[in-house]
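Protein chains in written order, with numbering that gives the first Met the number 0: chain A, 0 to 359; chain B, 0 to 319.
Source of the hints: derived by calculation from the structure; they are not laboratory data.
What you are looking at is a predicted structure, and each value in this text was computed from that prediction instead of being measured.
A virtual CB, placed ideally from N, CA and C, is assigned to each residue, including glycine.
Some hints here could point you the wrong way.
Quick list of in silico lysine to any residue cross-link-like pairs, SDA-like style, CA-CA up to 20 Å [stated by the list, open to error]: (1) A:Lys-353 <-> B:Ala-259; (2) B:Lys-209 <-> A:Val-307; (3) A:Lys-315 <-> B:Asn-203; (4) A:Lys-353 <-> B:Ser-260; (5) A:Lys-315 <-> B:Lys-209; (6) A:Lys-354 <-> B:Val-121; (7) B:Lys-210 <-> A:Arg-23; (8) A:Lys-315 <-> B:Ala-124; (9) B:Lys-207 <-> A:Ile-327; (10) B:Lys-207 <-> A:Arg-318; (11) B:Lys-207 <-> A:Arg-152; (12) A:Lys-353 <-> B:Lys-207; (13) A:Lys-315 <-> B:Lys-210; (14) A:Lys-353 <-> B:Val-121; (15) B:Lys-209 <-> A:Ile-327.
Have a look at the derived ranges for each label pair, beta carbon to beta carbon [to be verified]: (16) B:Met-316 <-> A:Glu-22: 36 to 46 Å; (17) A:Lys-93 <-> B:Arg-296: 51 to 61 Å; (18) A:Ser-311 <-> B:Leu-95: 28 to 38 Å; (19) B:Tyr-30 <-> A:His-272: 47 to 57 Å; (20) B:Trp-304 <-> A:Arg-166: 21 to 31 Å; (21) A:Lys-93 <-> B:Cys-285: 26 to 36 Å; (22) A:Ala-199 <-> B:Glu-212: 39 to 49 Å; (23) A:Asp-129 <-> B:Phe-300: 56 to 66 Å; (24) A:Thr-169 <-> B:Glu-22: 27 to 37 Å; (25) B:Asp-51 <-> A:Pro-241: 32 to 42 Å; (26) B:Ala-213 <-> A:Ser-251: 45 to 55 Å; (27) B:Phe-300 <-> A:Asp-149: 37 to 47 Å; (28) B:Gln-150 <-> A:Gly-82: 51 to 61 Å; (29) B:Ile-25 <-> A:Lys-353: 27 to 37 Å.
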Amino acid sequence: MEPRKVTFPHMGEYWIGFKALAERMGCEVVVPPRMTVQTLELGTRHSPEFVCVPFKYNLGNFIEAIELGANTIIQAVGGCRFGYYAEVQAAILKDLGYDVKFIRLDAGRNPLDMVRGFRDKMGTNKSFRDVKDAFFFAARLGLAIDEIQDFARKNLGFQVTPGQIERIETKYLARLAAATNIREVDAIRQEAKAELGSVALDRPENPLRVAILGELYLVLEPFSNYDIGRQLALRGIEVHQPLTITEMINHSIKGFKHVDELIAHSGGWVDHHLGAHGTESVSLSYTLMKEGFDGVIHLKPFGCMPEVNAMSAMQKLSREYTFPILFISYDSQTAETGVNTRIEAFCDMLEMRKKGVVSA
Amino acid sequence: MLKSYLGIDIGSISTKGVVVTEEGDILASSYLWTEGNPIGAVKRLLAQLEEDLTGTEARIVAVGTTGSARELIGAILDAQAIKNEITAHAMGTLSLHPDVRTIFEIGGQDSKIIILRDGIPVDYAMNTLCAAGTGSFLSSQAKRLGIQVEQFGDYALRAERPTKIAGRCTVFAESDLVHKAQMGYAVEDIVAGLCNAIVSNYLNNVGKGKKIEAPIVFQGGVSKNVGVVKAFADATGHDILVDDCGHLMGALGIALLAKASGLEDDFDFSIRSMSFKTTGLECGRCPNNCEIVCVLRDEEFLAGWGNRCEVGLEQIMRPE
Ligand code: SF4
Ligand code: SF4
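Hey, can you work out the whole structure from these sequences and the hints?
In C-alpha cells:
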C-alpha cells in the first residue's frame, strides 16, 4: 500500500495542531494550501448547491490537498448535517476520480472514547498512550494559538505602531508550527505573552466591546467570514470570540453538563439544546448583554438550522433589551462589500449609542 | 463668506447632492440618474450645484460621500467623510425629525429599515436580495397593467376592495397578478392589492423582528407612491411622514457628517475639468486573483480597491 499522506480541512490557524496530531500518528501530512477564492470556487463547483458553505470550503481544501499528493482525509463529525459531511464528500471525490480514504474523527462519548476510536480508524501501530499524548500535544498547541489570537483580537485596534501585533503573531505561530514537544510549546507561549505584553497600546478607558458568535466554522475561519474580527478590531473595538478550541476542549471535558449550564445561564431565553452551537449563541448573547457588552455579531451559513433556530430567540432578546445584534448569513455568493457596509453601519451605531454622537 | 458643506449620495440608480450651511439649511440640491457612470454623474451634479450657488457667498469647506460608489467618489473629491448609507440616512433624517423612531426606505433596487431611540440609531436591516417590494418591481408591474407608475398611487386610493396578491416573491406576485387581472378584477383593486403586497413583504422581510414605533418617516423612490404610503399607514396603525426632500436624506446626512468631522479643506469645483478614469485589472499574483479597481487622475494613480493584500496595489504602483 502507498504510504499515507494525510490532510484535513482548514480552520483558522488550527492546522498547526491537526498537523502535529497526524504526524504523531506516523503519517506524512499535506497541509492544504492557504484558503483563496479558488478554494471556494472548487468546492462550490463540486458541491450540491444548497449544502451549507463550510462543506464547500472543506471540499475545496481537500481537492487542493489531493492535487498536492494527499490520499487520506481526516474529517471531524458532529451533530446536524455535519454528521454526513464525510460520507457525501467521500462520494463526491470518488466521482471526481480521486482515490482517497476518509477517516472520521468522532467526538465520541468522552475524550478517551475519541482517542480510542481515532486510533482504531487510523489503524496505527502506535500505542494508546502515544495516541493520547498526540492529542494532548495538539490540544496544547490549540491553547497556545488561542492565547495569542485572543490577545490580538482584543488589542489590534489600539496598537500605537500598526502591524506590530500582527508581526508578533505571525512569528510565534511559525514557531509553534515547528515545536516538537509540550515543554517547547509552553516556552513559546510564555515568550509570546511577554512580547505581546510589551506592545505599546493607546487604549481608551472603556473601548467598545463586541463578541462574535454563531456557527463554529464561520467563526473560526477568518477567510470564510471576510476577516470580520480584524475588521472590527481595526475600527477600535475590543473583539471577543468565546468559541475557540480552548472552549471546546473545556466543554468536551464537561460533557453534557456544559449544555445544561448554558441553558441554566440563559435567563430563560433557551430551554432546550438547539444543536451544534445554537445554544451557545442564545445563552452567550444573554450573558454578554448582562456583562455590559456593546453588541454581538452573529455569523451563520445560509440554511444552517441550529443557528436559524437560535436567531429567533436572539432577535427577541435584542428587541427586548435594545441590545444590538448584527446577523450575517453567508453562502458562496455573499458579497464582501455588502458585509463590510453592514459592519461599518453597525460600528457607527455602537459608537453613537456610547457617545450620543457620530464621528466621521 | 458663508461656510458650507457638500454631501453626495451616489447610488447605482441615482446620484443626489446637497450643499448645506453650518446650521444645516439646504442652499442647493440636485438629483440625477447615475446611468452606470458614477464619475460622469458626479461631474454633472457638480455643474448643477455650482450653477445654483453662483452669486451666493457659499464656500464649501468639507465634502462627504455615501452610497455604493462612496469610496470611488470620496477618493476623487478628497472627501473628509466617507460613510455607509445607513448612518448617512439616519443623520439626515434626524436633522429634520429629531424625534423619529422608525425610518422605512424603499428604493429602486433595495430597501432598508432603521430603528432609532432618543436620536440614536439602535437597529437596522437591509435587503438587497429580493426584488419584490422595490421600486423596479412596481414599475414593471405598472407597465404590465398598462398604467403609468406615477398614477399608481391614485389608482390605489380609488380601490374599493383591494385584491389579495401573494407578495412573498416577485415570481409569485407576478403570476398572481396576471391571474387576478384575467379574472376581471378592477385595475384599481389590483393596484391597491399590489401596494399592500409590497408593504407586507417589506414588513415581513426587512422589518422582521423590529419594534416599529411612531414617528415613522418613509423615504426612497417608492415613498412618492401614495398607495404604498396608505398601505403602510393601514398596516402599522400610525401616520406615515413623507418629506418632499426625502430622497436627499443620505446626501444631507453625509454633508452633516463632513461638517462633524471637523476637517476642512477648500473645495474647488474645477475638479470637474480633470479627467478621471477607472480601470479594472486582475492581480494574478496568487489564486485569489483579486479584481482590483483603480482610479486614475489625469493618468496618475489615485486609489485602488479590491486587493486582499498589499502585493496587489504595490504591483500597480510600481510595475516592474
Ligand atoms: S452547524 Fe450549520 S453549517 Fe454546520 S453542518 Fe450544521 S447546518 Fe451546516
Ligand atoms: S492582491 Fe494579494 S491576495 Fe489578491 S490576488 Fe494579488 S497577491 Fe493575491
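Structure-based check of each hint:
| no. | hint | in the structure |
| --- | --- | --- |
| 1 | A:Lys-353 <-> B:Ala-259 | 17 Å, holds |
| 2 | B:Lys-209 <-> A:Val-307 | 17 Å, holds |
| 3 | A:Lys-315 <-> B:Asn-203 | 15 Å, holds |
| 4 | A:Lys-353 <-> B:Ser-260 | 18 Å, holds |
| 5 | A:Lys-315 <-> B:Lys-209 | 9 Å, holds |
| 6 | A:Lys-354 <-> B:Val-121 | 13 Å, holds |
| 7 | B:Lys-210 <-> A:Arg-23 | 55 Å, violated |
| 8 | A:Lys-315 <-> B:Ala-124 | 15 Å, holds |
| 9 | B:Lys-207 <-> A:Ile-327 | 15 Å, holds |
| 10 | B:Lys-207 <-> A:Arg-318 | 11 Å, holds |
| 11 | B:Lys-207 <-> A:Arg-152 | 32 Å, violated |
| 12 | A:Lys-353 <-> B:Lys-207 | 25 Å, violated |
| 13 | A:Lys-315 <-> B:Lys-210 | 10 Å, holds |
| 14 | A:Lys-353 <-> B:Val-121 | 11 Å, holds |
| 15 | B:Lys-209 <-> A:Ile-327 | 16 Å, holds |
| 16 | B:Met-316 <-> A:Glu-22: 36 to 46 Å | 42 Å, holds |
| 17 | A:Lys-93 <-> B:Arg-296: 51 to 61 Å | 55 Å, holds |
| 18 | A:Ser-311 <-> B:Leu-95: 28 to 38 Å | 35 Å, holds |
| 19 | B:Tyr-30 <-> A:His-272: 47 to 57 Å | 54 Å, holds |
| 20 | B:Trp-304 <-> A:Arg-166: 21 to 31 Å | 25 Å, holds |
| 21 | A:Lys-93 <-> B:Cys-285: 26 to 36 Å | 30 Å, holds |
| 22 | A:Ala-199 <-> B:Glu-212: 39 to 49 Å | 46 Å, holds |
| 23 | A:Asp-129 <-> B:Phe-300: 56 to 66 Å | 58 Å, holds |
| 24 | A:Thr-169 <-> B:Glu-22: 27 to 37 Å | 51 Å, violated |
| 25 | B:Asp-51 <-> A:Pro-241: 32 to 42 Å | 54 Å, violated |
| 26 | B:Ala-213 <-> A:Ser-251: 45 to 55 Å | 51 Å, holds |
| 27 | B:Phe-300 <-> A:Asp-149: 37 to 47 Å | 39 Å, holds |
| 28 | B:Gln-150 <-> A:Gly-82: 51 to 61 Å | 57 Å, holds |
| 29 | B:Ile-25 <-> A:Lys-353: 27 to 37 Å | 30 Å, holds |
Hints 7, 11, 12, 24, 25 from the list above are not met by this structure, while the remaining hints are.
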